[in-house]
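Whole structure, please, built from the sequences with the hints as guidance.
Heads up: the protein sequence lines correspond to chains Z and F, in order.
Counting in the numbering used here, the first sequence runs from -9 upward without gaps.
Counting in the numbering used here, the second sequence runs from 772 upward without gaps.
Since the hints were made in silico from the structure, they are not lab data.
Among the hints, erroneous ones may be present.
Derived CB-CB ranges, DEER-like [claimed, not checked]: (1) F/Arg878 with Z/Leu368: 17 to 27 Å; (2) Z/Val13 with F/Asp933: 35 to 45 Å; (3) Z/Val319 with F/Ala883: 25 to 35 Å; (4) F/Arg878 with Z/Val13: 49 to 59 Å; (5) F/Arg1006 with Z/Val319: 46 to 56 Å.
Heads up, simulated BS3-like pairs for lysine-lysine below, C-alpha to C-alpha not over 27 Å straight-line [what the hints assert, rightly or not]: (6) Z/Lys2 with F/Lys1039; (7) F/Lys927 with F/Lys941; (8) Z/Lys2 with F/Lys941; (9) Z/Lys376 with Z/Lys2; (10) F/Lys822 with F/Lys886; (11) Z/Lys376 with F/Lys886; (12) F/Lys1072 with F/Lys1096; (13) F/Lys886 with F/Lys941; (14) F/Lys1128 with F/Lys1096; (15) Z/Lys145 with Z/Lys169; (16) Z/Lys2 with F/Lys886.
C-beta atoms are modelled at their ideal positions from N, C-alpha and C, and glycine is treated no differently.
Listed below are the residues making up each chain.
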Amino acid sequence: MQLVTRTPLAWKNLTHNGRRLAVAVSGVTFAVVLMFMEQGFQNALFDSTVALVRNFTADIVIVSSSRYSLSSSSRFPFHAVLLARGAPDVAQVQPIYVENYLSLFRPPHRTSRPIRVIAADLRQPLFQPTLQEVISRQASLLAAPQTALIDVMSKESIYELDPGRVAGGSPEYVELADKQLQLVGTFQLGTDFANDGTLLMNLENFAHYFPRRDLSSDALAMVDLGLVHCRFGSDPGQVRDQLQRQLGGNVRVYTRQELVDKEIRFWDRSTPIGIIFRVGMIMGFVVGILICYQVLYNDIADHLAEFATLMAMGYGALYFVGIVVRSAVYLALLGFVPGLGISWLLFQGITLWTGLTMNLSRWDIGLTLAFTVAMCILSGLFAVRKLLAADPASLF
Amino acid sequence: MNASDTSSVPPDRHVRAPATSASLLARMTGSDCVIRVRELNHFFGEGETRKQVLFHNTLEIQRGEIIIMTGPSGSGKTTLLTLIGTLRRVQEGSLQLLGQELNGIARQDMTALRKQIGFIFQAHNLFESLTAFQNVNMAAELVGIERAAARQRIEKLLTRLDLGHRIHYKPHSLSGGQRQRVAVARGLVHSPRVVLADEPTAALDRHTGREVVTLFQELARDEGCTIIMVTHDNRILDVADRIVNMVDGYIHSNVLVRESAAICEFLKGCPSFADLTPRSLSEVADTMQAVLYSPGTVIIKQGDVGRDFYLIRQGSVDVLQADGKAQRHVATLHEGQFFGEVALLEDRPRNATVIAKTETLCYTLGKDAFRDVLSRSHTFEEELRKVLFDRQ
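Next comes the structure, spelled out in structure tokens:
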């Protein structure tokens, strides 16, 4: 049985009718875009929830052991920070405070909305270079009382304030927790599921706005995140284990990457979000199968007499399976390339539009390509049954 | 005449077949049988709606023969053709193609067998996406003809079929007749041992239609290819070695055209038959049975009741007459001569014994049929008596 003949019948049949090929390819392209969009949204949402942690430079992060997600508000006592500072191989420990509930944000004559407020000792280098550079440049402004930076990605539609104006150099006066606040500059972090905008301020200012946090008399007594920088040359894994032993069961100590992974896993597995996107991806896959099946089936149905003639001539079943699978793979590749291009353009648009950063890793692209090829081959195998049922006896 | 007679062994245990079926003559001349159909029945449908479409079909086709199958639509000729072409499964009876039994054949054997068959369908069934060359090449590639050889052969065939200037055209820019000829080339390119063609000349004009059948004749003659055509095209009937006529699922007649002509020629050689119209002559020829006798066989015995009239097709016989105690050699008869008529004419016992001298093929005509022929020709009896007189 000769599997591959020199006459490229699959390709010739597929490309013979230009209009039909265009319809077929656009069908596959549609499915590819659908799958890419689902993946892009999922990535954007997962990436956004961990954008803050990723922007830190710390090797290790300490959180409360009851903090199941970064968006929850379980805290641990400051005294753990002090303990950690004394540990061997630890260079520095900085507390980070995050407030999402008490922090009602109100531009003049507008409605109050909660905003995320992040406070840290901003004289210390805590962030990745790009962000750190922006913050360091404005550090002197932030030293003044009742000042903060606003995230340029904060949603204008929610806060009724255009962060771009602040970025343009005109400070804005707003209210935060019923007290006056001056927005002196901007930085860029991004929004996520739980937060529509972010303010960044100094510890003193934070204490000023939220003096009775966690029913404590000391505003800074309860810490959200403890950022640990290890001494140069030490192993973060070992330091983490050591800190965990030393600090006890009330806190959990993670390396930064572990915390990122745990957070993504939480959103992916413990909320419906992961399933929603997976279902979306599967829908794209199924739509692709239906479209591809329709195309391949019609192609076979239109050439049934010709295929039956080949059968009469002595071409075996394997040859026909080969023809259809090859057509399917061509279709998948022809549809994938424009699908990738269109998705990329859409991602650019959506990033501009929503503030979510849409990214595709090489792994995502490879996965979608594999899905596309699988989708086409699967529908090809459904369609080939029609071909194998062709009866050469009907030709006479 | 029903061709199924062939299989019934007559009481005298000599091999017997219709005179115009090629089998016995072929046995004597050493041709080989490419297709052998025996007691083939075929049914369509299942259960209540099951309907028999082929009844006791028996047929032998030799290497290099050109067969034309005729018959009204629904007579089963295409069903028989698809069975021969392995496109349908044999249900009942036996069908041997190129020495292989098709009843119960394994799928892979069937696929292998198909590669030795050339199909030419009435609908051209060409791939619109492939050029004429590529369409024909699909058949060449399958049997693994070397690339350059295939190219040469395809170009030669297409040129021969008047398509030399259209070799790299796609079907949509070819006329109906041109497409049909591409399909013919595709059916022939791989030098098949059997060609099954359904109205191969229907879409062709007189000139190109003739070119196609001439090609068939060359293949049959030079490559020993056996060709079976279903056709209603009267213009090409003359190429047939044999015409098989089917009616209602039975092989109604199976006439070896040349043999039929040969018998007519023999019969006409006798002045008494000259009076018959060619039509009556061929009817007589078609009614005759062939019987093969080995040397020394007593064909008729003096004193027996006469049943048949004999024409010697091949071989020779001795005529002996018992005269008191001694048996006297009267004559030796050869190809084209006949005997056994006296007993039929005068309704009396055989007046001589006839013994096959060599292996002898005789064509026989039963008494009733013989009398029927007599009544058509007023001079026949008279002439026959004269012949008999001369012989004595």
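Hints, one by one, checked against the model:
Checked against the given bound of 17 to 27 Å, the beta carbons of F/Arg878 and Z/Leu368, roughly 26 Å apart, stay inside it. Between Z/Val13 and F/Asp933 the Cβ separation comes to about 38 Å, which falls inside the hinted range of 35 to 45 Å. Checking the proposed 25 to 35 Å range against Z/Val319 and F/Ala883 shows it holds: the Cβ atoms sit about 29 Å from each other. At roughly 37 Å, the beta carbons of F/Arg878 and Z/Val13 sit outside the given window of 49 to 59 Å.
Judged by the Cβ atoms, the range 46 to 56 Å given for F/Arg1006 and Z/Val319 holds: they are separated by roughly 49 Å. With a C-alpha separation of about 62 Å, the suggested pairing of Z/Lys2 with F/Lys1039 is violated against the 27 Å cut-off. Annotation: proposed proximity of F/Lys927 to F/Lys941 holds, straight-line Cα distance about 18 Å (limit 27 Å). For the given pair, Z/Lys2 sits about 12 Å from F/Lys941 by alpha-carbon distance, which is consistent with the 27 Å threshold.
Taking the CA atoms of Z/Lys376 and Z/Lys2, the gap is near 20 Å; set against the 27 Å cutoff, the hint holds. Among the hinted pairs, F/Lys822 with F/Lys886 is inconsistent with the structure: their alpha-carbon atoms are about 31 Å apart, more than 27 Å. Of the supplied pair hints, the one linking Z/Lys376 and F/Lys886 holds, its CA atoms being roughly 23 Å apart against a limit of 27 Å. Distance restraint check for F/Lys1072 and F/Lys1096: the Cα-Cα separation of roughly 15 Å lies within the 27 Å cut-off, and the hinted pair is therefore satisfied.
For the hint linking F/Lys886 to F/Lys941, the alpha-carbon distance of about 25 Å falls within 27 Å, and the restraint holds. Taking the CA atoms of F/Lys1128 and F/Lys1096, the gap is about 22 Å. The hint holds against a cut of 27 Å. Proximity of Z/Lys145 to Z/Lys169 is assessed by CA-CA distance (about 21 Å); at most 27 Å being required, the pair is judged to hold. Restraint check for Z/Lys2 and F/Lys886: the C-alpha separation of about 24 Å stays at or below 27 Å, so the hint holds.
In this structure, the earlier hints numbered 4, 6 and 10 are contradicted, and the remaining ones agree with it.
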